[in-house]
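K.L.:
Those protein sequence lines, which keep their order, are chains A and B. Position 225 of the first sequence, counted from 1, bears residue number 225 in the numbering used here, the numbering being contiguous throughout. Position 155 of the second sequence, counted from 1, bears residue number 155 in the numbering used here, the numbering being contiguous throughout.
None of these hints come from the bench; they were simulated from the model. Take the hints with a grain of salt, since some may be wrong.
Unchecked claim - Okay, the calculated beta carbon distance ranges per label pair:
1) Ser188(B) - Asp30(A): 56 to 66 angstroms
2) Asn193(A) - Glu119(B): 18 to 28 angstroms
3) Asp221(A) - Leu113(B): 46 to 56 angstroms
4) Pro54(A) - Ser85(B): 19 to 29 angstroms
5) Asn102(B) - Pro54(A): 28 to 38 angstroms
6) Leu251(A) - Lys181(B): 21 to 31 angstroms
7) Gln83(A) - Leu159(B): 28 to 38 angstroms
8) Ala155(B) - Asp221(A): 31 to 41 angstroms
9) Leu108(A) - Glu119(B): 15 to 25 angstroms
10) Ala155(B) - Val309(A): 45 to 55 angstroms
The C-beta atom is built at its ideal place from N, Cα and C for all residues, glycine as well.
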Amino acid sequence: MRTPRRDNLKARAAAAALLAGCVLGACAADRAAQEGVGAFYAGDFASAAVAFRPGAERRPFDENSILNSARLGMAELAAGRAQSAVRPLGTAYQLLESGSVNDEGRILAATVLQEGVRVYKGEPFEQAMTYTALAWANALRGDWENVRVCARSAVRRLADYQNALGNKSRPGAPETDFALGYFLEGLANAALNEPDLSALDRAASLNAALAPHAERVRARDFNAVIVIEAGRGPEKEAYGEDNAQTRWAALDSGPGTARIEMLTPPGSAPDASGLAAAADVNRMSEVHRWNNLQDARSFKSGLGSVLVVGGAGTAVVSEDKGAQIAGISAAAAGLLMKALSSADVRHNELLPAEVFVAVLKVPEGGADVRVSLGAASRLDIPGVRPGTPSSPSVVYARVVPRPRLAARAVTSWGEAERLRRHDADIEAERVWNDLSGGPP
Amino acid sequence: MRHRGIKGWIACAVGVFAALGAGGCAAPRVNTTMLTTADVVRMTDQMSASLNASPEIASRTPDSPRWVFTMDRVANRTEHLLDDSEKWGIMARFRVRLTASNVARDRAVAFVLPAAEWERYAREFYDPAQARLRPTHALRAEFRSDTRSAIGSRADAYLCAFQLLDLETGRIVWEDAYETKYRVLRNSFD
């Protein structure tokens, strides 16, 4: 026999269970993401991808779909599965390009309640790096048309935000300072035999290190592209009263310098063009930001403080019971408001600290290539095969810093066991030598 | 009485917060300026009808010298992704529409795969010099877009141009285009 009271209890239990389920589900997803980040920086890219997959493949989309798709794509790319990387990165691309992914309810909730309900798109530089990751995945597959689309999307996104902030570029000057984006566009145009290679000029004018590589592409005097993404990108952190402000903290400065040389044929000199530091993500995080909710958070925090002080004062001073209750209520509301004014610090933890690029002319029989990062680490890439200017070989490696040991204040660059390549370009054996402690 | 009023305000505030938090947020959805499946259907329908109606094709009979069409995938010069399967898929539907209209039988036209595709399927007896029908014409498509983007919106005006090219003379025998335009608005939270 059903009774209204029992129904009421059931409804409350169901609501509580639903709420608990949502909270637990969110916690589980967050835990999985953290496990994925941990695995990624331990060099276990495949396990990282497994951890990110459930969040990335959740349908319908939620506020973390872009973040999780970008994470999954980057982990797949690092694990050497360019084909598998394209799908989640393509989903991230589509959602990033979508208009009004935050509907009115979400905007109101993000402004009044918690910023975390907003659909994450990331700071402009995070978006640009997501597009860049998709460009690398497409380059590994030989799809240079989509490389060009991704490169132009990255540049356009940064330029859109810059223009919105009133930082318009001078007439005739590059729209943004993202030299890597221009270089990728020029490289793609060269591979597609397009006559317009002006993007290479823009890349060279913005980053002198890219100039010799741009020249080599322009002269069609290359047949291989080496990409090294190294280190751990910056972390978004909250600070200030009620953690209402945000800033980006550099966790890792990257190797700083890098060198590339072909080991075969024996006696080959180091490549004169070197390995160009094409993008410094820590610097990008300082420049390419979009803080449109910072004022709302500060306002909430300030109002919360006023309510707490005013409400508590009223409750203490007044002798009227009603005023005391009102004061306590106002103080409670103020505390809630202060708690809700903390900033959303979701960010993509898988971004590199630095991106290095080189275009090479590999001899006909192939070559072993050595990449030296910083003063003490090197990466040997055996058997790089020559492509052609229209279909260059592509080597991509994601190098992560070895977890720091408390006993040693040393940053050693370690274990890129998943160093990957274009399927047809490199033979199986891949070696990482760490001069600071690994095999010679 | 006064307590009841305060309780009412608190209940109201909690209700608003709960409604905002629980029910006010719709799942984000893809809403871009990319070409859609509907565009592919419309453009291939229009282009096949246009090619069939062109004087060069309409004047042909079953006894005309055979024309052999080879098709390449779409060349994407737009500002949006188009993956290989989509590029081939568009041309495949175009060919299917032409085949369905009996152009092959009534206008003496044959279709062949591009050489690389043919080699992939017939590796054992691939002999470009002898076995393959020699293409006389190429059907090709090139998509371009005029893209305008700002923080608050993006607009893409597409020109999807199709051509029938005489491979001996380089003459463009037929040409038509499908045009469409999309625009999305973004709010400052996007």
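K.L.:
Hint by hint, note whether the structure agrees.
P.N.:
Hint by hint, here is what the structure shows:
no.	hint	in the structure
1	Ser188(B) - Asp30(A): 56 to 66 angstroms	violated, 27 angstroms
2	Asn193(A) - Glu119(B): 18 to 28 angstroms	holds, 22 angstroms
3	Asp221(A) - Leu113(B): 46 to 56 angstroms	violated, 34 angstroms
4	Pro54(A) - Ser85(B): 19 to 29 angstroms	holds, 26 angstroms
5	Asn102(B) - Pro54(A): 28 to 38 angstroms	violated, 50 angstroms
6	Leu251(A) - Lys181(B): 21 to 31 angstroms	violated, 44 angstroms
7	Gln83(A) - Leu159(B): 28 to 38 angstroms	holds, 31 angstroms
8	Ala155(B) - Asp221(A): 31 to 41 angstroms	holds, 39 angstroms
9	Leu108(A) - Glu119(B): 15 to 25 angstroms	violated, 59 angstroms
10	Ala155(B) - Val309(A): 45 to 55 angstroms	holds, 50 angstroms
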